[in-house]
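K.L.:
Using the sequences and the accompanying hints, generate a full structural model.
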Amino acid sequence: DVKVTQSSRYLVKRTGEKVFLECVQDMDHENMFWYRQDPGLGLRLIYFSYDVKMKEKGDIPEGYSVSREKKERFSLILESASTNQTSMYLCASSLLYSPLHFGNGTRLTVT
Amino acid sequence: KQEVTQIPAALSVPEGENLVLNCSFTDSAIYNLQWFRQDPGKGLTSLLLIQSSQREQTSGRLNASLDKSSGRSTLYIAASQPGDSATYLCAVQETSGSRLTFGEGTQLTVNP
Numbered sequence: 001d002v003k004v005t006q007s008s009r010y011l012v013k014r015t016g017e018k019v020f021l022e023c024v025q026d027m028d029h030e031n032m033f034w035y036r037q038d039p040g041l042g043l044r045l046i047y048f049s050y051d052v053k054m055k056e057k058g059d060i061p062e063g064y065s066v067s068r069e070k071k072e073r074f075s076l077i078l079e080s081a082s083t084n085q086t087s088m089y090l091c092a093s094s095l096l097y098s099p100l101h102f103g104n105g106t107r108l109t110v111t
Numbered sequence: 001k002q003e004v005t006q007i008p009a010a011l012s013v014p015e016g017e018n019l020v021l022n023c024s025f026t027d028s029a030i031y032n033l034q035w036f037r038q039d040p041g042k043g044l045t046s047l048l049l050i051q052s053s054q055r056e057q058t059s060g061r062l063n064a065s066l067d068k069s070s071g072r073s074t075l076y077i078a079a080s081q082p083g084d085s086a087t088y089l090c091a092v093q094e095t096s097g098s099r100l101t102f103g104e105g106t107q108l109t110v111n112p
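If you're matching them up, the sequences are chains R and B in order.
To convert, note that position 109 of the first sequence is 109 in my numbering; the numbers rise steadily by one, no gaps.
To convert, note that position 75 of the second sequence is 75 in my numbering; the numbers rise steadily by one, no gaps.
Keep in mind that the hints were calculated from the coordinates and are not lab data.
Note that the Cβ used here is the ideal one computed from N, Cα and C, for glycine as well.
Incorrect hints may have been included.
In the EDC-like style, the derived pairs of lysine to aspartate or glutamate whose C-alpha atoms are separated by at most 16 Å in a straight line are [as the list claims (entries may be wrong)]:
no. : chain 1 : residue 1 : chain 2 : residue 2
1   : B       : Lys68     : B       : Asp27
2   : R       : Lys53     : R       : Glu69
3   : B       : Lys1      : R       : Asp59
4   : B       : Lys1      : B       : Glu94
5   : B       : Lys42     : R       : Asp38
6   : R       : Lys55     : R       : Asp38
In silico negatives: residues of chain B with every beta carbon more than 10 Å from chain R [said to hold, decoys possible]:
no. : residue
7   : Leu11
8   : Pro14
9   : Asn18
10  : Asn22
11  : Gly43
12  : Glu56
13  : Ser65
14  : Ser69
15  : Ala78
16  : Arg99
17  : Thr101
18  : Glu104
19  : Val110
20  : Asn111
Every beta carbon over 10 Å from chain R, so not counted as near; a handful from chain B, in silico [stated by the list, open to error]:
no. : residue
21  : Ser28
22  : Leu49
23  : Ala79
P.N.:
Right, dumping it as structure tokens:
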């Protein structure tokens, strides 16, 4: 079974802090994704990566950056956390044009 | 820009009922459509994937259909059970790349 592991289930950070959200998958998937999920707005794509060191902006990349130095790990970075980045963050991975496999999510609160 | 809509937003049914969840999308140039289930506070679990060349896919009590030309998909759940209570989301994958666009989901409650 594919396993996508997000490093934290809950995280509380202060405004202005630099925040790292880590995601690791164990199935050699080329594609990895970061989404955020908010009530009334659904899932919105922040960034995705289709290979090591490759990244593409999604629909809402502002205020975020990503890093993919190894195939199995995709990190989301909040350069200077703000309260409007309080959200559920979901990481996913897949082979090309195959079902997405999601982690359990990180609920981030920025105070 | 692709838009995905799911109706209804919420549905409550008694146990044992057969039910249909609807998903529509605006751009028919898709590669596949996926249905997911999400339990409260958890990530998404893939249920079914329908390639654009297919008309339907079945897994156990679940059957998903796809009408690409009209921009519609349905998820049919037979003999619903309380354990089916969850939010169901559909997503389309575009031919232009690997990104998915999600609907907002239908929150299903199956009452014992």
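K.L.:
Which constraints among the numbered hints does this structure fail? Numbers only, ascending.
P.N.:
6, 11, 16, 17, 18 and 22
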